[in-house]
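From first to last, the protein sequence lines stand for chains A and B.
Sequential numbering of the first sequence, starting at 7, is according to this note's numbering.
Sequential numbering of the second sequence, starting at 22, is according to this note's numbering.
Simulated from the structure, these hints should not be mistaken for lab results.
Please note: incorrect hints may appear among the correct ones.
[To be verified] With a straight-line Cα cutoff of 30 angstroms, these simulated BS3-like cross-link-like pairs (lysine-lysine) come out:
id	chain 1	residue 1	chain 2	residue 2
1	A	K61	B	K188
2	B	K32	B	K98
3	B	K106	A	K61
4	A	K92	B	K106
5	B	K46	A	K299
6	A	K57	B	K163
7	A	K57	B	K45
8	A	K239	B	K106
9	B	K98	A	K239
10	A	K209	B	K98
11	A	K178	A	K289
12	B	K32	A	K61
13	A	K61	B	K163
14	A	K61	B	K46
15	A	K305	B	K108
16	A	K201	A	K352
This structure is a prediction, so every number in the text was calculated from the model and none was measured.
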Amino acid sequence: MSTLRTEEMTLNMGPQHPSTHGVLRFVIKADGEVMREAIPDVGYLHRSIEKIAEKVGYHGFMPYTDRVDYVCAMFTNQGWGMACEKLANIEVPRRGEYCRVIAAEFNRLASHLLTVGLMGMDIGAMTPFLHALREREMINDLIEELCGARLTFNYMRIGGVAWDLPPGWREKALAYLDHLDPIINEFNSLFSYNKICVERLAKVAPISAEDAINYNLVGPNLRASGVNWDVRKNIPYSVYPEFDFEVPLGSGEWGIVGDAMDRYMMRIREMVQSSRILRQALKRMPEGPVLAKVVRNFKPPAGECQIRVESARGDQGWYVVSDGTAFPWRVHVRTGSFAAMGIIQKLSRGLMIADLVVLIASLDVIAPEIDR
Amino acid sequence: MEALKIYERVKERFPDKVLEVSEKKPDPFAAVAADAIVAVGRLLHDDPETAMDCLSNQTGVDYKDRIEVVYHLFSYKHHHTCVLKVKLPRENPTVATVEEIWRAANWMEREIFDLLGVNFDGHSDMRRILMPEDWPGYPLRKDFVEPLEYHGISTVRESPILRLDQKKKHEHA
Numbered sequence: 007m008s009t010l011r012t013e014e015m016t017l018n019m020g021p022q023h024p025s026t027h028g029v030l031r032f033v034i035k036a037d038g039e040v041m042r043e044a045i046p047d048v049g050y051l052h053r054s055i056e057k058i059a060e061k062v063g064y065h066g067f068m069p070y071t072d073r074v075d076y077v078c079a080m081f082t083n084q085g086w087g088m089a090c091e092k093l094a095n096i097e098v099p100r101r102g103e104y105c106r107v108i109a110a111e112f113n114r115l116a117s118h119l120l121t122v123g124l125m126g127m128d129i130g131a132m133t134p135f136l137h138a139l140r141e142r143e144m145i146n147d148l149i150e151e152l153c154g155a156r157l158t159f160n161y162m163r164i165g166g167v168a169w170d171l172p173p174g175w176r177e178k179a180l181a182y183l184d185h186l187d188p189i190i191n192e193f194n195s196l197f198s199y200n201k202i203c204v205e206r207l208a209k210v211a212p213i214s215a216e217d218a219i220n221y222n223l224v225g226p227n228l229r230a231s232g233v234n235w236d237v238r239k240n241i242p243y244s245v246y247p248e249f250d251f252e253v254p255l256g257s258g259e260w261g262i263v264g265d266a267m268d269r270y271m272m273r274i275r276e277m278v279q280s281s282r283i284l285r286q287a288l289k290r291m292p293e294g295p296v297l298a299k300v301v302r303n304f305k306p307p308a309g310e311c312q313i314r315v316e317s318a319r320g321d322q323g324w325y326v327v328s329d330g331t332a333f334p335w336r337v338h339v340r341t342g343s344f345a346a347m348g349i350i351q352k353l354s355r356g357l358m359i360a361d362l363v364v365l366i367a368s369l370d371v372i373a374p375e376i377d378r
Numbered sequence: 022m023e024a025l026k027i028y029e030r031v032k033e034r035f036p037d038k039v040l041e042v043s044e045k046k047p048d049p050f051a052a053v054a055a056d057a058i059v060a061v062g063r064l065l066h067d068d069p070e071t072a073m074d075c076l077s078n079q080t081g082v083d084y085k086d087r088i089e090v091v092y093h094l095f096s097y098k099h100h101h102t103c104v105l106k107v108k109l110p111r112e113n114p115t116v117a118t119v120e121e122i123w124r125a126a127n128w129m130e131r132e133i134f135d136l137l138g139v140n141f142d143g144h145s146d147m148r149r150i151l152m153p154e155d156w157p158g159y160p161l162r163k164d165f166v167e168p169l170e171y172h173g174i175s176t177v178r179e180s181p182i183l184r185l186d187q188k189k190k191h192e193h194a
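With these hints in hand, go ahead and build the complete structure from the sequences.
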């Protein structure tokens, strides 16, 4: 009997693969079903946003920031606004800060709903996706009423927000939160605690706390590995210190600390906390203006700063260099997805090909945020 | 620990390698000699007083007469941050990689190489990351001129509105 010839197989996944969340490509070296290595190839969505910033000026760049991460654009808006405010030392009115927090937390809910829904779809279940998207549509409706757009909001300005809440919006938002809280429980019993979901996600691609820090993972991915770090708590910005909320941490209750199930559950738990923040913010909203007086020809003094915002995909860093003119000299966004993609090559060694899909979904990478 | 105190600490250890400590505008930074960045990084990472276990951000800036590589370090243990800078000549800028200290540098250095053309000595995988491999030049340099076409694909779109304007101008003249 002749021996079976075996060899390493090189597979190409993407850039149009349905579960790569945008346009991503992986070159997979596989031994049967087990990967030797998956090498990510990014850049398909590179739109040179950092270069555009140098050409359009400070106010003009705000709509472009939406495109950095179109799933949670409120945070990129806020990050850019906060960086400019820090450079020029502008104080945002309190009602403006409340509007920012409310818009951003609703956006976090929408983003996490999409993530948990896509997690279902990536492991082969269509129904959870539809359940999650149905709820997300209502948030999109609310945000549309707030700022006129459903995805690329352009809601915030340097010095505050563009518009106050419309009449009657507060009641609608509170009514929606009353509707959402039982839905999260329903989603948990439908999908999260489902045996198939748990068996599929638990113990897949665990990330240790040291690795998470060394590879600069941020946000829910970092907290899933048990690192207690949330920019909203630890470097408080905006009006977050006024709210009472918890930072959920990965505990490994389903398998290993920092596995895909922990990362998935992190999103569910953060939705509950976001809902808590929103209730407090909507109830305590002060009166007053929403936008500070900022000159149209905005020229911050020469200097440089970095600010950090806790976006839905984690700690987002905006590094801005100003030379005192109306155009920023250099803008750089450090995004959570970029760092998360960097660790995939390491994690993929010895992983099943089917688990690569779970890994990407659990890290919640968004292609435009990687490529910018 | 305050950022300025951290720079003092580095200066004590490497007196001739810290070239400049800036004032607060609003973030202070320390410029470090290019040949000392790995040693300084190693010190800040290993010293339990500073324990900079995370390279939170690494990027480059083109200042027309020089290129600067900026390192934002962060400590999850002490919750403090500091900014290091390395100034490099514009012609063939080269600096040693810090990949061995912080793995996150791997991708960020690839991005700086891709967009600003800084070479990182000793990097394990120095390839372009965002732009195509055969892209001419480094887009984030201030003197970069976008090529008019790439593999026969035009990078310029003709605007029908502008064409109308030109036509009107023609008729007036």
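Legend entry - Proposed proximity, K163 (chain B) with K57 (chain A) (alpha carbon, max 30 angstroms): Cα-Cα ~9 angstroms, so holds.
Inset, instruction - Starting from K32 (chain B), check that the Cα of K98 (chain B) is at most 30 angstroms away, please. - result: holds, 22 angstroms
Inset, instruction - Starting from K178 (chain A), check that the Cα of K289 (chain A) is at most 30 angstroms away, please. - result: Holds. K178 (chain A) to K289 (chain A) sits at ~13 angstroms (cutoff 30 angstroms).
Inset, instruction - Could you grab the alpha-carbon distance between K57 (chain A) and K45 (chain B) and see if it respects the 30 angstroms cut-off? - result: OK: K57 (chain A) and K45 (chain B) at ~26 angstroms, within 30 angstroms.
Legend entry - 30 angstroms Cα cutoff - pair K46 (chain B), K299 (chain A): holds, 22 angstroms
Legend entry - Straight-line alpha-carbon gap K61 (chain A) to K163 (chain B), limit 30 angstroms: holds, 11 angstroms
Inset, instruction - Would you mind confirming whether the straight-line C-alpha gap from K61 (chain A) to K188 (chain B) stays at or under 30 angstroms? - result: Since the Cα atoms of K61 (chain A) and K188 (chain B) sit roughly 28 angstroms apart, the hinted pair holds (cutoff 30 angstroms).
Inset, instruction - Take a quick look at whether K106 (chain B) and K61 (chain A) sit within 30 angstroms of each other, Cα to Cα. - result: With Cα atoms ~25 angstroms apart, K106 (chain B) and K61 (chain A) stay inside 30 angstroms; holds.
Inset, instruction - Would you check the hint for K61 (chain A) and K46 (chain B), treating anything up to 30 angstroms between C-alpha atoms as holding? - result: holds, 23 angstroms
Legend entry - Holds or violated: K239 (chain A) to K106 (chain B), with C-alpha atoms at most 30 angstroms apart: Within the cut-off at roughly 29 angstroms; holds.
Legend entry - 30 angstroms Cα cutoff - pair K201 (chain A), K352 (chain A): holds, 28 angstroms
Inset, instruction - Please work out if K209 (chain A) and K98 (chain B) have their alpha carbons no farther apart than 30 angstroms. - result: Distance of about 27 angstroms is within 30 angstroms: holds.
The structure fails to meet hint 12 from the earlier list, while all remaining hints are met.
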